[in-house]
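Trainee: Each residue of the sequence shown is one higher than the one before, starting from 1 at the first, in UniProt numbering.
Because the hints were derived from the structure by calculation, they are not lab data.
Note that CB positions come from ideal geometry on N, CA and C, so glycine has one too.
Treat the hints with care, as some may be off.
[Stated by the list, open to error] Using C-beta positions, here's what the derived DEER-type ranges look like:
1. Y238 to Q121: 29 to 37 angstroms
2. S195 to S112: 26 to 34 angstroms
3. D16 to V329: 52 to 60 angstroms
4. Q339 to T407: 27 to 35 angstroms
5. A31 to Q121: 17 to 25 angstroms
6. Y238 to N187: 23 to 31 angstroms
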Amino acid sequence: MRLLDTETLEFEEFVDVPEEPYAILSHRWGAEEVSYKEYRKTRALVKGRSGYKKIVKFCEIAQQRGYRLAWVDTCCIDKRSSAELSEAINSMYRWYGESAECFVWLEDYQVSGLDKTALAQCKWFTRGWTLQELLAPSCCTFFSASWDVVGHKHGSKNHTDTRVCQPGRGKRECGADITPDLARITNINLLCLTSRDFIPYVSAAERMSWASNRVTTRLEDRAYSLLGLFQINMPLLYGEGAKAFRRLQEEIIKEHEDLSILCFNDPLLFNPKAEILWDTRAEPILAKSPDAFREGNRVTCSTVKRARLEPALIASQGIRMRLCAYETVIECPLNDGMQVARLRVYALPLDCSQEARLAKRRPLYLIVSEAGSGRRRACRKFTVGFCDFESEDEFGVPHWNLHEDKTFYITSACC
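Turn these sequences into a full structure, and let the hints steer you where they fit.
Mentor: Spelled out as C-alpha coordinates, the structure:
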(Lines of atoms letter the chains of each structure in order from A; the text may use other names.)
(Lines give C-alpha, C1' and ligand atoms only; values in the text may rest on other atoms or scores of the structure.)
Protein backbone atom coordinates (compact mmCIF):
# COMPACT_ATOMS: atom_id res chain seq x y z
CA MET A 1 0.00 0.00 0.00
CA ARG A 2 1.38 3.40 -0.98
CA LEU A 3 0.56 6.39 1.26
CA LEU A 4 1.59 10.03 1.55
CA ASP A 5 3.47 11.58 4.45
CA THR A 6 1.19 14.49 5.36
CA GLU A 7 4.13 16.72 6.29
CA THR A 8 6.61 16.07 3.48
CA LEU A 9 4.00 15.04 0.86
CA GLU A 10 6.32 12.21 -0.15
CA PHE A 11 5.27 8.59 -0.72
CA GLU A 12 5.82 5.78 1.76
CA GLU A 13 5.49 2.14 0.70
CA PHE A 14 4.00 -0.61 2.90
CA VAL A 15 3.73 -4.34 2.22
CA ASP A 16 0.22 -4.33 3.68
CA VAL A 17 -2.10 -1.94 5.48
CA PRO A 18 0.06 -0.05 8.02
CA GLU A 19 -0.56 -0.43 11.73
CA GLU A 20 -0.21 3.33 12.11
CA PRO A 21 -3.55 5.19 11.80
CA TYR A 22 -4.09 6.86 8.45
CA ALA A 23 -6.65 9.18 6.87
CA ILE A 24 -8.25 8.39 3.53
CA LEU A 25 -10.01 10.66 1.03
CA SER A 26 -13.38 10.11 -0.64
CA HIS A 27 -14.28 12.55 -3.42
CA ARG A 28 -15.56 12.91 -6.96
CA TRP A 29 -12.93 12.89 -9.67
CA GLY A 30 -12.54 16.05 -11.73
CA ALA A 31 -10.83 17.00 -14.98
CA GLU A 32 -7.55 18.09 -13.33
CA GLU A 33 -6.61 15.11 -11.19
CA VAL A 34 -2.93 14.28 -10.72
CA SER A 35 -1.78 10.75 -11.51
CA TYR A 36 0.96 8.80 -9.74
CA LYS A 37 3.37 9.39 -12.62
CA GLU A 38 2.69 13.14 -12.69
CA TYR A 39 2.98 13.45 -8.92
CA ARG A 40 6.27 11.59 -8.87
CA LYS A 41 7.96 12.93 -12.00
CA THR A 42 6.53 16.36 -12.82
CA ARG A 43 5.05 17.69 -9.60
CA ALA A 44 6.29 21.21 -10.25
CA LEU A 45 4.25 21.32 -13.46
CA VAL A 46 0.95 20.27 -11.89
CA LYS A 47 0.91 22.42 -8.76
CA GLY A 48 -1.61 24.78 -10.37
CA ARG A 49 -4.16 22.03 -10.94
CA SER A 50 -7.23 21.76 -8.75
CA GLY A 51 -6.45 18.07 -8.26
CA TYR A 52 -3.05 18.85 -6.77
CA LYS A 53 -4.48 21.54 -4.51
CA LYS A 54 -7.03 19.00 -3.29
CA ILE A 55 -4.25 16.57 -2.31
CA VAL A 56 -2.31 19.28 -0.48
CA LYS A 57 -5.36 20.54 1.42
CA PHE A 58 -6.39 17.02 2.38
CA CYS A 59 -2.92 16.28 3.74
CA GLU A 60 -2.85 19.61 5.58
CA ILE A 61 -6.12 18.91 7.39
CA ALA A 62 -5.15 15.28 8.03
CA GLN A 63 -1.96 16.48 9.70
CA GLN A 64 -3.93 18.96 11.81
CA ARG A 65 -6.15 16.09 12.93
CA GLY A 66 -3.15 14.06 14.04
CA TYR A 67 -2.44 11.80 11.05
CA ARG A 68 1.05 11.34 9.66
CA LEU A 69 -0.16 9.13 6.81
CA ALA A 70 -2.86 9.74 4.21
CA TRP A 71 -4.15 7.98 1.10
CA VAL A 72 -5.64 9.46 -2.08
CA ASP A 73 -6.84 7.26 -4.94
CA THR A 74 -5.73 9.66 -7.67
CA CYS A 75 -1.98 9.61 -6.99
CA CYS A 76 -1.38 6.65 -4.67
CA ILE A 77 -2.13 4.01 -7.33
CA ASP A 78 0.05 3.58 -10.40
CA LYS A 79 -2.72 2.93 -12.91
CA ARG A 80 -0.20 2.22 -15.67
CA SER A 81 0.31 -1.17 -14.02
CA SER A 82 -2.70 -3.42 -14.59
CA ALA A 83 -1.53 -5.71 -11.77
CA GLU A 84 -1.31 -2.84 -9.29
CA LEU A 85 -4.66 -1.43 -10.38
CA SER A 86 -6.34 -4.83 -10.03
CA GLU A 87 -4.86 -5.36 -6.57
CA ALA A 88 -5.90 -1.87 -5.49
CA ILE A 89 -9.52 -2.24 -6.65
CA ASN A 90 -9.83 -5.66 -5.03
CA SER A 91 -8.33 -4.25 -1.80
CA MET A 92 -10.01 -0.85 -1.74
CA TYR A 93 -12.96 -1.80 0.47
CA ARG A 94 -10.49 -3.10 3.06
CA TRP A 95 -8.29 -0.01 2.76
CA TYR A 96 -11.24 2.27 3.43
CA GLY A 97 -12.48 -0.02 6.17
CA GLU A 98 -9.17 -0.03 8.04
CA SER A 99 -8.62 3.72 7.80
CA ALA A 100 -8.82 5.69 11.02
CA GLU A 101 -10.92 8.40 9.39
CA CYS A 102 -12.38 8.93 5.94
CA PHE A 103 -12.55 12.55 4.76
CA VAL A 104 -15.52 13.01 2.43
CA TRP A 105 -15.00 16.17 0.38
CA LEU A 106 -18.23 17.49 -1.14
CA GLU A 107 -17.02 19.79 -3.90
CA ASP A 108 -20.53 21.03 -4.73
CA TYR A 109 -21.59 21.69 -1.13
CA GLN A 110 -21.24 25.47 -1.11
CA VAL A 111 -23.15 26.45 2.05
CA SER A 112 -21.83 26.88 5.58
CA GLY A 113 -22.97 24.62 8.39
CA LEU A 114 -25.38 21.73 7.98
CA ASP A 115 -28.03 22.20 5.30
CA LYS A 116 -29.81 18.86 4.84
CA THR A 117 -31.39 19.89 1.54
CA ALA A 118 -28.03 20.91 0.07
CA LEU A 119 -26.45 17.73 1.44
CA ALA A 120 -29.00 15.51 -0.31
CA GLN A 121 -28.31 17.24 -3.63
CA CYS A 122 -24.56 16.55 -3.62
CA LYS A 123 -23.42 14.50 -6.60
CA TRP A 124 -21.15 12.48 -4.33
CA PHE A 125 -24.21 10.35 -3.52
CA THR A 126 -24.71 9.46 -7.20
CA ARG A 127 -21.28 7.98 -7.91
CA GLY A 128 -20.65 4.24 -7.95
CA TRP A 129 -17.30 4.21 -6.15
CA THR A 130 -18.46 6.37 -3.25
CA LEU A 131 -20.90 3.69 -2.06
CA GLN A 132 -18.14 1.52 -0.60
CA GLU A 133 -16.36 4.66 0.60
CA LEU A 134 -19.45 5.48 2.67
CA LEU A 135 -20.01 1.97 4.05
CA ALA A 136 -16.53 0.57 4.67
CA PRO A 137 -15.07 3.21 7.06
CA SER A 138 -16.17 3.24 10.67
CA CYS A 139 -15.70 7.00 10.80
CA CYS A 140 -16.47 9.48 8.01
CA THR A 141 -16.18 13.23 8.38
CA PHE A 142 -17.90 15.31 5.71
CA PHE A 143 -16.34 18.55 4.47
CA SER A 144 -17.80 21.36 2.38
CA ALA A 145 -16.21 22.80 -0.77
CA SER A 146 -14.22 25.19 1.45
CA TRP A 147 -13.12 22.29 3.70
CA ASP A 148 -15.32 23.25 6.63
CA VAL A 149 -16.78 20.38 8.65
CA VAL A 150 -20.39 19.56 7.76
CA GLY A 151 -21.01 16.50 9.93
CA HIS A 152 -19.91 12.94 10.57
CA LYS A 153 -20.88 9.30 10.42
CA HIS A 154 -19.31 7.11 13.06
CA GLY A 155 -19.46 3.46 14.04
CA SER A 156 -21.33 1.84 16.87
CA LYS A 157 -20.34 2.54 20.46
CA ASN A 158 -19.09 -1.04 20.78
CA HIS A 159 -16.44 -0.56 18.10
CA THR A 160 -13.07 -1.43 19.63
CA ASP A 161 -10.60 -0.48 16.88
CA THR A 162 -8.31 2.06 18.56
CA ARG A 163 -7.24 3.44 15.17
CA VAL A 164 -10.74 4.76 14.46
CA CYS A 165 -11.38 8.42 15.19
CA GLN A 166 -13.61 9.27 18.11
CA PRO A 167 -15.69 12.37 17.27
CA GLY A 168 -15.39 15.23 19.72
CA ARG A 169 -11.96 14.36 21.12
CA GLY A 170 -9.00 16.70 20.93
CA LYS A 171 -8.85 19.05 17.94
CA ARG A 172 -10.88 16.76 15.70
CA GLU A 173 -13.98 18.76 14.97
CA CYS A 174 -16.55 16.35 13.54
CA GLY A 175 -19.78 18.34 13.54
CA ALA A 176 -23.22 16.84 14.01
CA ASP A 177 -23.98 13.16 13.60
CA ILE A 178 -25.65 13.00 10.17
CA THR A 179 -25.96 9.21 9.98
CA PRO A 180 -29.80 9.29 10.00
CA ASP A 181 -29.70 11.85 7.17
CA LEU A 182 -27.35 9.61 5.19
CA ALA A 183 -29.78 6.72 5.64
CA ARG A 184 -32.62 8.81 4.20
CA ILE A 185 -30.55 10.07 1.27
CA THR A 186 -29.15 6.67 0.30
CA ASN A 187 -32.01 4.38 1.39
CA ILE A 188 -29.42 2.26 3.21
CA ASN A 189 -30.28 0.52 6.46
CA LEU A 190 -29.08 2.57 9.43
CA LEU A 191 -27.41 -0.47 11.01
CA CYS A 192 -25.27 -0.97 7.90
CA LEU A 193 -24.19 2.66 7.98
CA THR A 194 -23.06 2.42 11.60
CA SER A 195 -21.29 -0.92 11.26
CA ARG A 196 -20.16 -2.78 8.15
CA ASP A 197 -20.44 -6.01 10.17
CA PHE A 198 -24.18 -6.03 9.42
CA ILE A 199 -23.76 -5.83 5.63
CA PRO A 200 -23.16 -9.58 4.99
CA TYR A 201 -26.55 -10.31 6.58
CA VAL A 202 -28.35 -8.12 4.04
CA SER A 203 -29.64 -9.82 0.89
CA ALA A 204 -27.71 -9.41 -2.34
CA ALA A 205 -30.81 -7.86 -3.90
CA GLU A 206 -30.97 -5.18 -1.20
CA ARG A 207 -27.25 -4.41 -1.50
CA MET A 208 -27.68 -4.07 -5.25
CA SER A 209 -30.53 -1.62 -4.66
CA TRP A 210 -28.07 0.72 -2.93
CA ALA A 211 -26.12 0.93 -6.21
CA SER A 212 -29.14 1.12 -8.52
CA ASN A 213 -29.14 4.91 -8.80
CA ARG A 214 -25.37 5.36 -9.01
CA VAL A 215 -23.20 5.82 -12.09
CA THR A 216 -19.57 5.30 -13.08
CA THR A 217 -17.52 6.65 -15.96
CA ARG A 218 -16.51 3.17 -17.13
CA LEU A 219 -19.28 0.62 -17.62
CA GLU A 220 -17.20 -2.15 -16.03
CA ASP A 221 -16.79 -0.10 -12.85
CA ARG A 222 -20.47 -0.52 -12.02
CA ALA A 223 -19.46 -4.09 -11.17
CA TYR A 224 -15.90 -3.53 -9.96
CA SER A 225 -16.99 -0.84 -7.48
CA LEU A 226 -19.18 -3.45 -5.74
CA LEU A 227 -16.54 -6.13 -5.19
CA GLY A 228 -15.86 -5.22 -1.58
CA LEU A 229 -19.53 -4.84 -0.75
CA PHE A 230 -20.04 -8.52 -1.65
CA GLN A 231 -16.65 -9.75 -0.40
CA ILE A 232 -15.74 -10.86 -3.92
CA ASN A 233 -12.30 -10.94 -5.54
CA MET A 234 -12.15 -11.30 -9.31
CA PRO A 235 -9.83 -10.22 -12.14
CA LEU A 236 -10.49 -6.92 -13.89
CA LEU A 237 -11.04 -7.01 -17.64
CA TYR A 238 -11.57 -3.48 -18.89
CA GLY A 239 -13.19 -3.72 -22.28
CA GLU A 240 -15.60 -6.52 -21.33
CA GLY A 241 -18.44 -4.04 -20.83
CA ALA A 242 -21.66 -5.42 -19.31
CA LYS A 243 -20.10 -8.88 -18.93
CA ALA A 244 -18.38 -7.58 -15.80
CA PHE A 245 -21.70 -7.28 -14.00
CA ARG A 246 -22.74 -10.75 -15.12
CA ARG A 247 -19.45 -12.16 -13.78
CA LEU A 248 -20.07 -10.42 -10.47
CA GLN A 249 -23.53 -11.99 -10.14
CA GLU A 250 -22.12 -15.43 -10.93
CA GLU A 251 -19.44 -14.97 -8.26
CA ILE A 252 -22.10 -13.96 -5.72
CA ILE A 253 -23.97 -17.21 -6.41
CA LYS A 254 -20.75 -19.23 -6.16
CA GLU A 255 -19.45 -17.62 -2.99
CA HIS A 256 -22.60 -16.87 -1.02
CA GLU A 257 -25.43 -19.04 -2.44
CA ASP A 258 -27.60 -15.93 -2.29
CA LEU A 259 -30.35 -16.43 -4.86
CA SER A 260 -31.98 -13.11 -4.07
CA ILE A 261 -29.65 -11.95 -6.87
CA LEU A 262 -32.30 -13.44 -9.20
CA CYS A 263 -35.00 -11.12 -7.81
CA PHE A 264 -34.97 -8.15 -10.15
CA ASN A 265 -37.27 -6.24 -12.49
CA ASP A 266 -40.31 -8.09 -11.16
CA PRO A 267 -43.61 -6.18 -11.41
CA LEU A 268 -45.14 -8.31 -8.66
CA LEU A 269 -42.35 -7.44 -6.25
CA PHE A 270 -43.66 -3.91 -5.82
CA ASN A 271 -47.21 -4.24 -7.22
CA PRO A 272 -48.95 -7.36 -5.85
CA LYS A 273 -51.99 -6.67 -8.04
CA ALA A 274 -50.07 -6.65 -11.32
CA GLU A 275 -51.46 -9.00 -13.95
CA ILE A 276 -49.28 -11.93 -14.96
CA LEU A 277 -49.05 -12.19 -18.74
CA TRP A 278 -47.77 -15.65 -19.57
CA ASP A 279 -45.91 -16.09 -22.84
CA THR A 280 -43.27 -18.35 -24.32
CA ARG A 281 -40.52 -15.75 -24.62
CA ALA A 282 -37.47 -16.33 -22.45
CA GLU A 283 -36.14 -13.62 -20.16
CA PRO A 284 -32.60 -13.21 -18.78
CA ILE A 285 -31.90 -15.00 -15.53
CA LEU A 286 -29.23 -12.45 -14.54
CA ALA A 287 -29.62 -8.67 -14.51
CA LYS A 288 -27.84 -6.41 -16.99
CA SER A 289 -26.97 -3.74 -14.40
CA PRO A 290 -27.71 -2.68 -10.80
CA ASP A 291 -30.55 -0.54 -12.18
CA ALA A 292 -32.74 -3.66 -12.23
CA PHE A 293 -32.65 -3.86 -8.42
CA ARG A 294 -34.36 -0.59 -7.53
CA GLU A 295 -36.97 -2.54 -5.52
CA GLY A 296 -34.41 -4.95 -4.07
CA ASN A 297 -34.46 -3.30 -0.66
CA ARG A 298 -37.68 -5.23 0.00
CA VAL A 299 -36.04 -8.66 -0.39
CA THR A 300 -34.87 -10.59 2.69
CA CYS A 301 -32.92 -13.85 2.69
CA SER A 302 -33.85 -16.83 4.85
CA THR A 303 -31.16 -17.96 7.27
CA VAL A 304 -32.11 -21.60 6.63
CA LYS A 305 -31.91 -22.98 3.07
CA ARG A 306 -34.86 -25.35 3.32
CA ALA A 307 -35.70 -25.77 -0.35
CA ARG A 308 -32.25 -26.43 -1.78
CA LEU A 309 -30.82 -29.95 -1.65
CA GLU A 310 -27.47 -28.82 -3.07
CA PRO A 311 -25.80 -25.43 -3.47
CA ALA A 312 -26.59 -23.71 -6.76
CA LEU A 313 -23.77 -24.08 -9.29
CA ILE A 314 -22.72 -21.94 -12.23
CA ALA A 315 -22.65 -24.20 -15.29
CA SER A 316 -21.29 -23.45 -18.76
CA GLN A 317 -24.66 -22.21 -20.05
CA GLY A 318 -26.47 -21.13 -16.92
CA ILE A 319 -27.25 -22.19 -13.36
CA ARG A 320 -27.69 -25.72 -12.03
CA MET A 321 -30.13 -26.07 -9.13
CA ARG A 322 -31.28 -29.18 -7.25
CA LEU A 323 -34.23 -28.50 -4.98
CA CYS A 324 -37.89 -28.96 -4.14
CA ALA A 325 -40.08 -27.39 -6.81
CA TYR A 326 -43.69 -26.98 -7.88
CA GLU A 327 -44.93 -27.88 -11.38
CA THR A 328 -48.04 -27.09 -13.42
CA VAL A 329 -49.23 -26.67 -17.01
CA ILE A 330 -50.65 -23.38 -18.25
CA GLU A 331 -52.05 -22.04 -21.49
CA CYS A 332 -50.35 -18.99 -22.95
CA PRO A 333 -50.33 -17.15 -26.29
CA LEU A 334 -47.56 -17.78 -28.78
CA ASN A 335 -45.37 -14.89 -29.91
CA ASP A 336 -47.80 -13.89 -32.67
CA GLY A 337 -50.67 -13.73 -30.17
CA MET A 338 -52.98 -15.68 -32.50
CA GLN A 339 -52.45 -19.17 -31.10
CA VAL A 340 -52.38 -20.70 -27.64
CA ALA A 341 -49.77 -23.15 -26.39
CA ARG A 342 -49.69 -25.40 -23.35
CA LEU A 343 -46.58 -24.62 -21.35
CA ARG A 344 -45.13 -26.65 -18.49
CA VAL A 345 -43.77 -24.33 -15.83
CA TYR A 346 -41.98 -24.77 -12.52
CA ALA A 347 -41.82 -22.60 -9.41
CA LEU A 348 -38.40 -22.77 -7.72
CA PRO A 349 -38.16 -21.50 -4.11
CA LEU A 350 -35.35 -18.97 -3.70
CA ASP A 351 -35.18 -19.09 0.11
CA CYS A 352 -35.92 -15.39 0.30
CA SER A 353 -39.00 -13.29 0.90
CA GLN A 354 -40.52 -9.96 -0.01
CA GLU A 355 -40.74 -8.32 3.42
CA ALA A 356 -38.33 -8.12 6.34
CA ARG A 357 -41.10 -8.19 8.93
CA LEU A 358 -41.93 -11.78 9.87
CA ALA A 359 -45.71 -11.29 9.86
CA LYS A 360 -45.71 -9.97 6.28
CA ARG A 361 -43.07 -12.16 4.68
CA ARG A 362 -44.02 -13.56 1.30
CA PRO A 363 -41.76 -16.25 -0.17
CA LEU A 364 -40.25 -15.58 -3.57
CA TYR A 365 -40.03 -18.09 -6.40
CA LEU A 366 -38.29 -18.28 -9.73
CA ILE A 367 -40.73 -19.28 -12.47
CA VAL A 368 -39.13 -21.21 -15.33
CA SER A 369 -40.45 -23.15 -18.30
CA GLU A 370 -39.24 -26.10 -20.33
CA ALA A 371 -36.95 -25.32 -23.24
CA GLY A 372 -36.74 -28.83 -24.63
CA SER A 373 -36.12 -32.43 -23.72
CA GLY A 374 -34.21 -33.57 -20.69
CA ARG A 375 -33.54 -31.44 -17.62
CA ARG A 376 -32.69 -28.18 -19.34
CA ARG A 377 -35.11 -25.34 -18.60
CA ALA A 378 -35.65 -21.94 -20.15
CA CYS A 379 -34.86 -18.58 -18.60
CA ARG A 380 -36.80 -16.86 -15.85
CA LYS A 381 -40.36 -15.68 -16.24
CA PHE A 382 -41.07 -13.97 -12.95
CA THR A 383 -39.98 -13.93 -9.36
CA VAL A 384 -43.28 -14.15 -7.56
CA GLY A 385 -44.25 -13.16 -4.06
CA PHE A 386 -47.06 -14.33 -1.76
CA CYS A 387 -47.49 -17.72 -3.51
CA ASP A 388 -50.01 -20.15 -2.06
CA PHE A 389 -49.60 -23.30 -4.08
CA GLU A 390 -52.51 -25.01 -2.37
CA SER A 391 -54.87 -22.44 -3.86
CA GLU A 392 -56.90 -23.55 -6.87
CA ASP A 393 -56.55 -20.25 -8.69
CA GLU A 394 -53.01 -19.11 -7.87
CA PHE A 395 -51.79 -17.36 -11.06
CA GLY A 396 -54.98 -18.52 -12.77
CA VAL A 397 -53.80 -22.14 -13.05
CA PRO A 398 -55.65 -25.16 -11.66
CA HIS A 399 -53.09 -27.13 -9.69
CA TRP A 400 -49.41 -27.23 -8.69
CA ASN A 401 -47.64 -30.57 -8.16
CA LEU A 402 -44.77 -30.81 -5.68
CA HIS A 403 -41.45 -32.40 -6.73
CA GLU A 404 -39.37 -33.05 -3.62
CA ASP A 405 -36.12 -33.60 -5.54
CA LYS A 406 -35.60 -32.18 -9.03
CA THR A 407 -32.57 -30.86 -10.89
CA PHE A 408 -32.79 -27.84 -13.19
CA TYR A 409 -30.37 -26.33 -15.67
CA ILE A 410 -31.58 -22.77 -16.14
CA THR A 411 -30.13 -21.15 -19.23
CA SER A 412 -28.73 -17.64 -19.05
CA ALA A 413 -27.43 -17.27 -22.60
CA CYS A 414 -29.92 -14.49 -23.29
CA CYS A 415 -28.52 -12.26 -20.55
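Trainee: Which of the listed hints are not met by the structure?
Mentor: Result: no hint breaks.
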